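Protein chains in written order, with our numbering: chain A, 1 to 132; chain X, 1 to 167.
Incorrect hints may appear among the rest.
Pairwise CB distance ranges, derived in the manner of DEER restraints [what the hints assert, rightly or not]: (1) X:119 <-> A:117: 48 to 54 Å; (2) X:101 <-> A:68: 22 to 28 Å; (3) X:60 <-> A:109: 50 to 56 Å.
Here are the simulated DSS-like cross-link-like pairs (lysine-lysine), alpha carbons at most 30 Å apart as the crow flies [said to hold, decoys possible]: (4) A:81 <-> X:106; (5) A:61 <-> A:74; (6) X:106 <-> A:61; (7) A:61 <-> A:73; (8) X:106 <-> X:53; (9) A:73 <-> X:53; (10) A:74 <-> X:53; (11) A:81 <-> A:61.
It should be emphasised that the hints constitute simulated quantities derived from the structure, not laboratory data. This one's a predicted model, so the numbers in the text were calculated from it and none came from an experiment. Every residue gets a Cβ at the ideal spot worked out from N, C-alpha and C, and that includes glycine.
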Amino acid sequence: MTVRMYNRMVVLMLTVLAHDRIFGALGDATRRDIVRRAIEGEEGVAELAEHYSMSFAAVQKHIAVLDRAGLVKKHRIGRRKVVRTNLEGLRVARRLLDQYEELWRARIDRMNELIAEMASAIDTAETKESKR
Amino acid sequence: MTVTAVRKDPERLTLTIEAEFDASAERVWQLWADPRQLERWWGPPTYPATFTKYDLAPGGRVEFYMTGPAGDQPHGYWDVLEVEPPHRLLLRDWCVNADGTPDTDKPLNTIHVDIEEVAHRRTRMSIEIVFPSTDAMEQALAMGTDEGLSQAVSQIDAILAGEIIQR
C-alpha cells in the first residue's frame with residue numbers, strides 16, 4: 001500500500017467516524033474498533049482477538065457480523081488469512097443509511113401534514129355542527 | 001421539528017428515527033392502521049402507494065404497489081409479525097419479483113414501530129429499520145425513491161469524494 005493510499009483511507013475513516021459522532025450512532029464499540037484495526041489488514045481473527053478481553057468466539061462472532069454486512073473481508077496472504085476493512089462497503093452502507101434517513105424524514109413530514117389536515121377537518125365539522 | 005433523533009449504525013445496517021407528534025397515541029397508530037392514511041404518506045407524491053390487501057394482524061399480510069412517474073409499478077408486501085395497538089408493530093418488508101412472484105429469499109428489511117404517548121396529546125414514535133445486507137438496502141431504495149433524491153445524494157457523494165482527494 002502506498003503512503004498516499006493509506007492517508008486517503010485514514011482520512012476516509014476519520015470522516016466516517018466523525019459522521020457517526022455527529023449523528024450519535026450507537027454502533028457496537030468492539031465492532032467499530034475491529035473495523036479501525038483492520039484498515040491495515042495485517043491481522044487474522046486470532047491476532048485481532050488478542051486485543052480484546054472477551055473470548056475468541058465472541059470476537060469471531062463480531063467479525064462474522066461485519067463480514068455479512070460487507071464491512072470487512074477475509075484475504076489470503078500465503079498460508080495466512082487476514083481480516084481487512086472493506087472501505088467501499090463502509091462507504092456504501094453510510095450512503096444508503098443517509099438516503100434512508102431522507103426517505104423517512106419525508107415520510108414523517110407527510111404524517112405530520114396528514115394529522116394537521118385531518119384535525120382541522122374535524123374542527124371545521126365541529127364548528128358547523130355547533131352552529132346548527 | 002418533528003424528528004427528534006436519528007441513529008445510523010453502518011455496522012449493523014440499522015437506522016433508527018424518532019419523531020414526536022402533537023396527537024394522541026391512538027391518532028398516530030391510525031397512520032399505520034388505516035390503509036387510506038398509509039397511502040397518503042408511504043410513497044412520495046411522485047411515487048404514490050396503493051394498498052391492495054390489508055390484514056394488520058399477527059401472521060397477516062399487507063400488499064401494495066407504487067406508481068412511478070414513468071408508469072412503473074413496483075409491488076411489495078409486508079409480513080405482519082406483531083401487532084399491539086396502539087403501541088407496537090413489527091413488519092417484515094419484502095419485494096415482489098417482476099414476474100409477480102413474491103421474493104421469499106431475503107427480506108428487504110424489518111421495521112419495528114414503537115408508539116408511546118409521552119404527555120397529553122404528545123406522542124413519540126420510534127421506527128427501527130434493520131437491513132440484512134447493503135444489497136437489500138439498494139433494492140428497497142430503488143422502490144419508490146424519486147429521482148430528485150438520488151440525484152441529490154449522488155451530488156453529495158461527488159462532493160465528499162472531491163473533498164477527500166483534495167486533502
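Hint check:
1. X:119 <-> A:117: 48 to 54 Å: About 23 Å separates the Cβ atoms of residue 119 of chain X and residue 117 of chain A, which means 48 to 54 Å is violated.
2. X:101 <-> A:68: 22 to 28 Å: holds, 26 Å
3. X:60 <-> A:109: 50 to 56 Å: violated, 28 Å
4. A:81 <-> X:106: holds, 29 Å
5. A:61 <-> A:74: holds, 14 Å
6. X:106 <-> A:61: Satisfied, since the Cα-Cα distance of roughly 21 Å is no more than 30 Å.
7. A:61 <-> A:73: At roughly 14 Å apart (the allowed maximum being 30 Å), residue 73 of chain A and residue 61 of chain A satisfy the hint.
8. X:106 <-> X:53: Holds, because 21 Å separates the two Cα atoms, which is no more than 30 Å.
9. A:73 <-> X:53: With a Cα-Cα distance of about 42 Å, the restraint between residue 73 of chain A and residue 53 of chain X is violated, given a limit of 30 Å.
10. A:74 <-> X:53: violated, 44 Å
11. A:81 <-> A:61: holds, 16 Å
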